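Peer 1: Construct the complete structure from the given sequences, taking the supplied hints into account.
Protein chains: 2
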Amino acid sequence: MRAVCVLGTGLIGGSVLRAAVRDGRDAWGTAASEPTAAAAVADGFDVTTDTDAALRRAAETDALVVVAVPLTALDAVLARIDEIAPDCRLTDAISVKGAVADAVIEHAPQARYVGGHPMAGTAESGWAAGDADLFTGAAWVVAADDGLDLDVWRDVAELAWACGARVVPAASDEHDLAVARISHLPHLFAAVLSAVGAGGQGDDLALSLAASSFADGTRVAGTRPELVLAMCEGNRSALLAAVDDALGRLGAMRGSLASTGGLAATVTNGYEGRQRWASTREPLALPVSLDGDDPDAVLAELRELGRRGDVVEPWKN
Amino acid sequence: MRAVCVLGTGLIGGSVLRAAVRDGRDAWGTAASEPTAAAAVADGFDVTTDTDAALRRAAETDALVVVAVPLTALDAVLARIDEIAPDCRLTDAISVKGAVADAVIEHAPQARYVGGHPMAGTAESGWAAGDADLFTGAAWVVAADDGLDLDVWRDVAELAWACGARVVPAASDEHDLAVARISHLPHLFAAVLSAVGAGGQGDDLALSLAASSFADGTRVAGTRPELVLAMCEGNRSALLAAVDDALGRLGAMRGSLASTGGLAATVTNGYEGRQRWASTREPLALPVSLDGDDPDAVLAELRELGRRGDVVEPWKN
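So the sequence lines, in the order shown, correspond to chains A and B. Position 162 of the first sequence, counting from 1, maps to 161 under numbering that gives the first Met the number 0, and the rest follow consecutively. Position 128 of the second sequence, counting from 1, maps to 127 under numbering that gives the first Met the number 0, and the rest follow consecutively.
Everything labelled a hint here was simulated from the structure, so no lab data went into it. Just so you know, these numbers come straight off a predicted model, no measurement behind them. Among these hints, one or two may not hold up.
[Stated by the list, open to error] Just some of the chain B residues that point at chain A, by a computed CB distance under 10 Å:
{"no.": "1", "residue": "118"}
{"no.": "2", "residue": "217"}
{"no.": "3", "residue": "225"}
{"no.": "4", "residue": "241"}
{"no.": "5", "residue": "249"}
{"no.": "6", "residue": "260"}
{"no.": "7", "residue": "276"}
{"no.": "8", "residue": "279"}
[What the hints assert, rightly or not] Which stretches of chain A does chain B cover? Using the computed rule of at least three CB atoms under 8 Å from a CB of chain B, they are:
{"no.": "9", "segment": "175-184"}
{"no.": "10", "segment": "187-193"}
{"no.": "11", "segment": "212-222"}
{"no.": "12", "segment": "233-240"}
Where a beta carbon is used, it is the ideal one built from N, C-alpha and C, also for glycine.
Peer 2: The following block contains the structure:
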């Protein structure tokens, strides 16, 4: 089994490290601070603040390096990789894929990079909040752009399965547009709904009458603002497209409400979307062979599978 | 205890009738169809399709008449009231207050009307879905506009308490603006979010990645469209104001995202709104005396209490 070097052992990286160790792999990690490293060591894990040493060991063992630092710390980490383990097997666990791929091309161009996005999280953060079961049943997007190394693709998929996740292949740009629609826009809608509810006539009547429709619609507005900002601002151009789609629909709705008073198109489209989502809840797990003469044809097949809402079936060894 | 005549024995009216009977009151109702009346009679309740007979009995006993028919059926019911029990004690359980008050002035001008809005519901509808406990812990808005009859106000509040609800006094127009913000707008936001999630690049990738933020943000988009339309379209002008508030905030957000990429104002305002809502969850129950030389001063005091997010404390008999 492929060894795993996890750079950054917060909630996500710490959970990947725990799951990799549980899977019986040789796995180690790095922490940004001594207290975090000490806490992880006390829990029985091999975690250091010495990123260079961790990367040397990755180069020696041909390990899969998993970048799980915040987007703002990415460039510095990639520079160390380019210095110490330039052609390593590389993936990441950051919530945008286009920006990370661009940064890899700029700062660690020789790395064999295949992006990843394990789609799980909690309101908590940090090493202590990590859990080997965090990704159980969650989607783990694995980038499937033309030109990627299928051998590393296999490593990333196998790590995702070891973490209990289902593997969803997607082009990086399509991933970014998709998460803008179903994760980042919901956070912004929740924030605006919350502000409208609280901002009314300057009193608490509206909030005192708010019940389940408001509670559900604004739940994620209670997330720590810095987490929401890092996620949404990091996906700026895709998010702008999703916001413009929403504004177009809201503008048409506003026009209809003002002119005829009718809301049927808005409400019916929303109802149908929700029904369609409910029907995608059980993805098909389909077998895919990564072997073949034309790697880009395999990657194209993977992307098509993801677009249909399906997942890759774990292969038998 | 005041007798109660409930016009319309669907989910809301049927629940009010059950709670009134459980409270030991003389209570009867009307149904729009024979099968509904038969079902209610089979359950041991005094329900007829003869609205005129029910209203004659209300006039004879000085009962509180509760209109619980859909907004579209309101005018016809008010016309019967004006014919048979013109100066009856009258309230309603419809989700908008301004439009109902206007209809009463037009079609039953002598009625002693005090509007009500019990804020509870389920996805179900009809007599069979009714429950004497439907309103337990729910807000029950009682209109507190100048000029209302405080003796009927007392009747409505006492009925709300008999149903287990908390009494929130509000001006009719302020109620309509408030529910537009915290109930009707959340339904429209959920519909748009659902359509954006489903409408992406014409494939199922986005929906297959959707998790809790999307699930919560679109939950009420799964409500039957006709119920959402009746509710939202019936509150057109107040809803338009809420939509415009939301569009203004979204437009500012879009401008900031496009120009600087920053979303801090949006996300922070949303977080603060959600925190403020959480802090309004436990209303104070305050004593109010309905006796006094100046009824409008009492009504003004009631409105102020509701604006602060508080409720009226049940009086001791």
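Peer 1: Using Cβ atoms only, decide whether residue 241 of chain B comes closer than 10 Å to chain A, and label the hint accordingly.
Peer 2: holds (6 Å)
Peer 1: Would the hint on residue 225 of chain B be counted as holding, given a Cβ-Cβ threshold of 10 Å to chain A?
Peer 2: holds (9 Å)
Peer 1: For the hint on residue 217 of chain B, just tell me whether its beta-carbon gets within less than 10 Å of chain A.
Peer 2: Since the shortest Cβ distance to chain A is 5 Å, the answer is holds.
Peer 1: Minimum Cβ distance from residue 249 of chain B to chain A below 10 Å?
Peer 2: holds (6 Å)
Peer 1: Is the shortest C-beta separation between residue 276 of chain B and chain A less than 10 Å?
Peer 2: For residue 276 of chain B, the interface hint holds, since the closest Cβ of chain A sits about 5 Å away, which is under 10 Å.
Peer 1: Check whether three or more residues of the segment 212-222 of chain A sit with their beta carbon closer than 8 Å to a beta carbon of chain B.
Peer 2: holds (count 10)
Peer 1: Hint check: is the beta carbon of residue 118 of chain B less than 10 Å from a beta carbon of chain A?
Peer 2: holds (6 Å)
Peer 1: Is the hint on residue 279 of chain B kept, meaning its closest Cβ partner in chain A is under 10 Å away?
Peer 2: holds (5 Å)
Peer 1: For the segment 233-240 of chain A, do three or more residues have a beta carbon lying closer than 8 Å to a beta carbon of chain B?
Peer 2: holds (count 3)
Peer 1: Take the shortest C-beta to C-beta distance between residue 260 of chain B and chain A; is it under 10 Å?
Peer 2: With Cβ-Cβ at 5 Å, under 10 Å, it holds.
Peer 1: The segment 187-193 of chain A covered by chain B? Criterion: 3 or more residues, Cβ-Cβ distance below 8 Å.
Peer 2: Three-residue rule met by the segment 187-193 of chain A, so holds; n is 7.
Peer 1: Tell me whether the statement that chain B covers the segment 175-184 of chain A is true, taking a Cβ distance below 8 Å and needing three residues at minimum.
Peer 2: holds (count 7)
In this structure, none of the earlier numbered hints is contradicted; all agree with it.
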